Amino acid sequence: MDEPVPATAGGPVASGPLDRPGAPAPPRRPPHLPSATLIAFILLIVAVLACTVLLTPNYFTALTGGLSSHLGDPVDSCVRRAIARIGGPEATMRLWGEGGHLPGVAECNRRNPSGPITQSFLTTTGLLATATALHYWFRSTSRARRRGVRPVTAEALPDLHTELGALAERAVPRVRVRFLIDLLDPAANGVAFGRAGRRYVLLGRGVLPLLDRDREAFEALVLHELAHLRNHDVDLTMITLGFLRVWSVLAFAPVALGRLIAVVIGLYPRVYGESFAQMLGLALLLVVARAQVLRTREYGADARVVEWQGRSAPLGRLLAAVDDTGRTRRTPAARGRAAGPLRRLALRLSITHPSGADRRAALADPRPLVTPAFGFALVLGACLVLVWQPSSSPVAHWAYGTIWGIWRPEPFTVLLVIVLGLAVLRATLYRGTSRLPALRWGLGLGAVVGYLLSPTLIADSLGMPASPGTVAGTALLLSGLLVLLVLWCEYLIAAWTPVIAAARHPLWIALLPGAGVAAAVLAAARPVFDMQPSFVLSQYDGSLMSHLPGLPHVFAVAEMIALDDYFSHIPWLLGTAALLYGLPALGHWCARRRAAAPAPRVPARKAGFPLRWLVAVSTYAALWWLVYQFTAALWGLSLDPLSDAVLLACIPAATGAAAAVTARHPVRRATLVAVPVALVLGALLHSSFAGLRPIVERSFFAFAVEGAFVAALAVSAVAALPRIIGNPGRRQRSR
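Letter 24 of the sequence shown, counting from 1, is numbered 1170 in my numbering, and no numbers are missing.
A portion of the hints provided could be inaccurate.
Unchecked claim - Computed beta-carbon distance windows for the label pairs:
#1 ARG1289 to PRO1614: 46 to 54 Å
#2 ALA1302 to PRO1332: 16 to 24 Å
#3 LEU1657 to HIS1378: 16 to 24 Å
#4 PRO1583 to VAL1321: 19 to 27 Å
#5 ALA1510 to ARG1292: 34 to 42 Å
#6 ARG1359 to ARG1292: 20 to 28 Å
#7 GLY1626 to ARG1359: 54 to 62 Å
#8 ARG1320 to ARG1650: 20 to 28 Å
#9 ARG1739 to ARG1359: 33 to 41 Å
#10 ARG1361 to LEU1396: 42 to 50 Å
#11 ALA1661 to GLN1265: 28 to 36 Å
If you are wondering where the hints come from, they were derived from the structure by calculation, not from laboratory data. Everything numeric in this text was worked out from a predicted model, so none of it was measured. Don't be surprised by glycine CBs; every beta carbon is placed ideally from N, CA and C.
Could you put together the complete structure from these sequences and hints?
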């Protein structure tokens, strides 16, 4: 896919300007990468698929003549009855811990009158694919049949026909474009539409006086629509929006209507009321996703126009008539009306075209084109959580024979991670910096939104009720981990950016860090999302958590158990560490080999060593006091940190992390020292406590590594404080 190149403050970046001869030679074109529009539409498709698996009406039953008797209950009623029959959630927890399944669930699934859920899911997916194809083929050209639309012919409009033909020949020489004019639209605007083999550009009647008044602005308007064809935005738009529309009709509307009817007739009104509210939230999330991804194509088309014309002034004059809704103002009076704050917020979330002011600003500053927006990151984070919820729900562990048993979120996770990696890479290449705060916090907030909007949350609240603190803690933990993922992606991409920028085939080189990000996420996703059932189930196992003094202890211990169970094999743990630290190191090594001379390192302010030492020791001491309470409550072990030298043995790891912290890359330097020291510490603990149970030994080992990482993060945060809050002493002296 051809990628539009943004204009920079120093001039346009172009590969072949289309304006008059004598234009200045453009600078070197940046590396070719998939366009932001393609990345955005992949995100929208995954967002719809994530909601599809959660809201699947039983079309298989309707097509085979069956009749559903439970109106799409959000949690399988047979599972609820089985939980109550066996003695409640605590008894179910013990059975699940022994590796058993709930008795009667398989028989209940076989007696279920709604038919096999797997076949229903496949039937619904087939209907969605068929309806999307039909929508693309027939709906794509419907604008050409509107009243008042006429073709631009040489007999009726000779001058306009000649100008349009010349522009199309230069912009999209291998595409046959049919130009139409809407005689009922007085504005000077246009829209590109069509399907494979039939490409159209529809212009408003206002382009006729614009051609006589400002020929360059007229060219900018037409080139903008031709840029949509060049960027393949038309096909992407119709396929993805068609998928969204048919999903709304075939999947969302029937389920939402069933929930609403259940509330009206009084059938489980609280449950179905909450479910209906969640579905409204999902609908709003998809509206925001649609608006975010459609806006990227407008920035891309504007950048392509500047590339072709060689300067941004003509397009800037044209955008002066675009209002806050992204549409051309039809009357002078409309130009003076200002939107209120609530309307501006609603427009910012829902409009598919950026405002004229934003688009004019993007002509000189390409950040809106190459930097992921907050809304884009919010949808990305919500999708990551939504695709994992069906397989990480506590109740889903017992729904044997349902769709949750065959649902695999890993393929969608890979797509989303590729979107994330390419977004960071594009921003780093064009901006020269890998710091993307909007992406970090948008992804973190999106994790919370996705968790709270997941329909499986209601199923869990019915089958295994959790406290509000557990739900909030799980959402915040997922949010924090996604923020850490973005930080690591920024560090990885920054290490590989010089290599990619200097490569002859940058896309092939970019595949290596992209594959590293995908591998890291796939390695950590399962244990991370398995923490959710661990947190919920921990409330019902009195022998495991009853002696811990508070909810934070329960969270920390449950998280430690999940990591310990997953990283119990030392080669797997070392392989993960090599991936997290080895791949960035390889990028730095390749960059140094290509560099002519090392860049000078500028020393920065650092936090004082005593403060870092104190924070590291305090953090590590708190973590080991927690494991002391845990071992005493679970296995009856009495570990006096001072007499057994457990705490003293951990101090070198924490102080080593503190001493290694520098202002440039505090987290990397801290963890590079803390984790190896913690590995040695785990081996020492393994040999010191001979005769303990293997799970106890693995817990010590995993907790040593985890504690070192947490201590390194705490120390790094303290080291970064002078850069965050500045130097008060220096400000005082400057006065």
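Verification of the hints:
1. ARG1289 to PRO1614: 46 to 54 Å: holds (50 Å)
2. ALA1302 to PRO1332: 16 to 24 Å: At roughly 18 Å between Cβ atoms, PRO1332 and ALA1302 fall inside 16 to 24 Å, so the hint holds.
3. LEU1657 to HIS1378: 16 to 24 Å: holds (21 Å)
4. PRO1583 to VAL1321: 19 to 27 Å: violated (40 Å)
5. ALA1510 to ARG1292: 34 to 42 Å: holds (37 Å)
6. ARG1359 to ARG1292: 20 to 28 Å: With Cβ atoms ~26 Å apart, the hint holds.
7. GLY1626 to ARG1359: 54 to 62 Å: holds (56 Å)
8. ARG1320 to ARG1650: 20 to 28 Å: holds (25 Å)
9. ARG1739 to ARG1359: 33 to 41 Å: Roughly 57 Å apart at Cβ, these two residues miss the hinted range, so it is violated.
10. ARG1361 to LEU1396: 42 to 50 Å: Holds, since ARG1361 and LEU1396 (Cβ atoms, about 48 Å apart) stay within the stated range.
11. ALA1661 to GLN1265: 28 to 36 Å: Given about 35 Å between the Cβ atoms, the range holds.
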